[in-house]
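So the protein sequences, as listed, match chains A and B. When the count follows the working numbering, it moves up by one through the first sequence with no breaks and lands on 287 for the last residue. When the count follows the working numbering, it moves up by one through the second sequence with no breaks and lands on 1489 for the last residue.
To be clear, the hints were calculated from the coordinates, so they are not data collected in a lab. Keep in mind it's a predicted model, so treat the numbers as computed, not measured. Each residue gets a CB set at the ideal place from its N, CA and C atoms; glycine is no exception.
List time: in silico PhoX-like cross-link candidates among lysine-lysine, alpha-carbon distance up to 25 Å:
(1) A/Lys32 <-> B/Lys1162
(2) A/Lys175 <-> A/Lys227
(3) A/Lys102 <-> B/Lys1395
(4) A/Lys102 <-> B/Lys1436
(5) B/Lys1138 <-> B/Lys1165
(6) A/Lys4 <-> A/Lys32
(7) B/Lys1148 <-> A/Lys32
(8) A/Lys93 <-> A/Lys155
(9) B/Lys1148 <-> B/Lys1162
(10) A/Lys32 <-> A/Lys7
(11) B/Lys1162 <-> B/Lys1032
(12) A/Lys155 <-> A/Lys227
The calculated label-pair distances, taken between Cβ atoms and stated as ranges, are:
(13) B/Glu1255 <-> A/Gly17: 26 to 36 Å
(14) A/Asn265 <-> B/Asn1069: 50 to 60 Å
(15) A/Gly17 <-> B/Phe1170: 37 to 47 Å
(16) B/Phe1205 <-> A/Asn265: 41 to 51 Å
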Amino acid sequence: MPTKIEKDSVTGHMTTGHEWDGLKELNQPLPKWWVYIFYACVAWSLVWFVLYPSIPWFTGYWHGSLGYTQRTAVDQDVAAVVKQRSAHMDRIKDLPFDAIRKDPQLLAVAQTAGRIAFANNCQPCHGAGGGGNVGYPALAAGNWIWGGTLDDIQKTLVYGIRSGLDDARQSQMPKFAADGLLKPAEIEQVADYVMTLYGNPGGNTAAGQKLFADNCAACHGDKGEGKREVGAPRLAGRAHLNGDTRDAVVGQITNARMGVMPNWNTRLDIATIKSVTLYVHGLGGGE
Amino acid sequence: MARISQTDRLRQLEQEEAGQHLFANRVRVYPKTVHGPVRRFKWAVLIFCLTLYYALPWLRWTRGPTQPNQAVLLDISHERFYFFGLEFWPQDIYYLTGLLIMGAVALFLVTSLIGRVWCGYTCPQTVWTDLFMWIEAKIEGDRNERMKRDAAPTTFDTVWRKAVKHAAWFCIAFWTGGAWIMYYVDAPTVTVEFWTGVASKEVYFFTGLFTATTYLLAGWAREQVCTYMCPWPRFQAAMLDEQSLTVTYQSWRGEPRTRGKRVEGAGGDCVDCGACVTACPTGIDIRDGIQLECLNCGLCIDACNHVMQRTGRPQWLITWDTLADQAAKAAGTHAGFRFFRARTAIYLTALVVAAGAMVAALVMRPGIGLSVQHERAPLFVRLASGDLRNGYTIKIVNKASTLATFELSTLGLPHAVLTETDENLGPAVQLGLPVKADAVGTFHVFVSGQPGILRDGSSPIDFVLRDTATGELTTYHSIFMGPNTGGHN
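Using the sequences and the hints given, assemble the complete structure.
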């Protein structure tokens, strides 16, 4: 509380009348224009207060005379971005892949759109950047089961694998134990032979080799090179869909795991699917 | 609040006592025109600074057909800064840091040696205020005339003089704002574009902004910028000590003040004419000693010398001196100016070190730039052949004004094979990567190979880049990753 306003004998200034434990504050007046600017700011804030959402009430809040909400602002921004993108996305939808790849700017848009759509939809199974997981192919490595051209990838994306659609990629490996096709000992012999196909030293695998020729070669090829027409993975390589340990091989022959990839035609538009196709193709494994 | 002359002080006290407590009307300062060596020096500095500012953008510098020919250009839209023969890219931003450090230390050094000469002579606020005051005096007359005019009822003469003054101020402010823009875009081009109405919105906006700030700060705000807005006067006291040269009233010589005819042996040299106060652009009384508002411009020296000469007293009653020397002189002795003190030695060392580091960095600036970023998603993939493959984002800086091809190869990874997907280059042990003139080329390079030893899933790899035109080599150290299997893969 201001007490006594007096003249300071040393400086000749007036005091403000404020005193703290004997310390008195000298009055060093601010220029008036300074305080007018402060009043102008207060007035402006009142205008703002009326124009925009401000004070909460018991049942809601003052919405502001401009009707501004952050939700509609975001919706408008999103709509603007979609409109801005549509010029490019429409061209991606209409043009064949060759034409898109010849246009560096359009390709950059497609790869960016593809990267984002991939991260939102594909990454949980196929891994960031298409690094792959057990049971989910490494798209970046190029170990294609159904083919790695742009058209192959687009078809897989559109219809999926074992997705239930008529046009889906369809293949079936028998469950050799459950279906009674091979005995457990025979399965182990086949597994030992299969492992020699990708560089593991094997002992006497003649029995396994014969069983492989009779049971597996029809789909996987005589030397385990795989057959894309029927979606049979290549076995004679260092990259394996379901793991390359002996346990993994025995397990797959005994009770084959047949994964499912959904059809994306009902979830993503054509331009986005083509973008994802271009992105996946560019991950390093495209053909 | 500025410490002010006695008449003004009285006026203010009356205001305070009348109940206007916490806010005061600004006490308008009417500086009187002075003549003398200090004023002449200040004019010379002013002319030099303004000429530099207005003329520099028009200076041309030949750099080749693809680059701008303006000597000093901060080309923000193309992310380049041209300074005569030097060209800076955004990644050279640390030179700006170095320059700011040098600027700060140089300011400290100069202040500790000769006080606030930056404020008094070269600060843009001072320079433009000085120029505006000169125009004011030319049109409205000197101090007394202006005070009389403002106190008297408005006449036609006052109105047209003030109108002409503001028009002149505005023209200079506009010229200043326009010159500012020319440091960012080509000066002749933007001048034509500005007047034909086709310049960008930013050009008009910033020209307007700096026109407004120049007009307001130099025309209206003046010494209030220094007193109320600028932080420098608040902490400049930390740079000053008793050995710093500052504008000083020699009170041992001047006191006690005597008005009227000089009586030999009685009283000091100060005749209390107030010339030093009326000359002061911030409206203070230098005889109160060193104070926050004092810009160290020394115009009071010229004013006082003139009076001393006329009254037959020795000049330089107000002079540049140190507090230590003043104390010695008051005691009848003399103390010399000590240039080297711990403070100045430290500032000087810091300045020399910073300048040396800047020059060294500039001289050794590489003409070739390579950065390699290992891609982390995925860290690696295993190919059907058993080889591991890693992806890298390679950025190559081509500072030449022609397209250049750079040869990229690796060291340290057995059987390394490189592939670039966007440009369809490779697979090969060495890639030729083309980069456009004056640009950064970005490439996605896959390296596949069979690392001998993977320690904690990682193996060192070096990327070697060779400029095929100059033969210049640069190396970037990175890593090649694989499964963490405890030694084999």
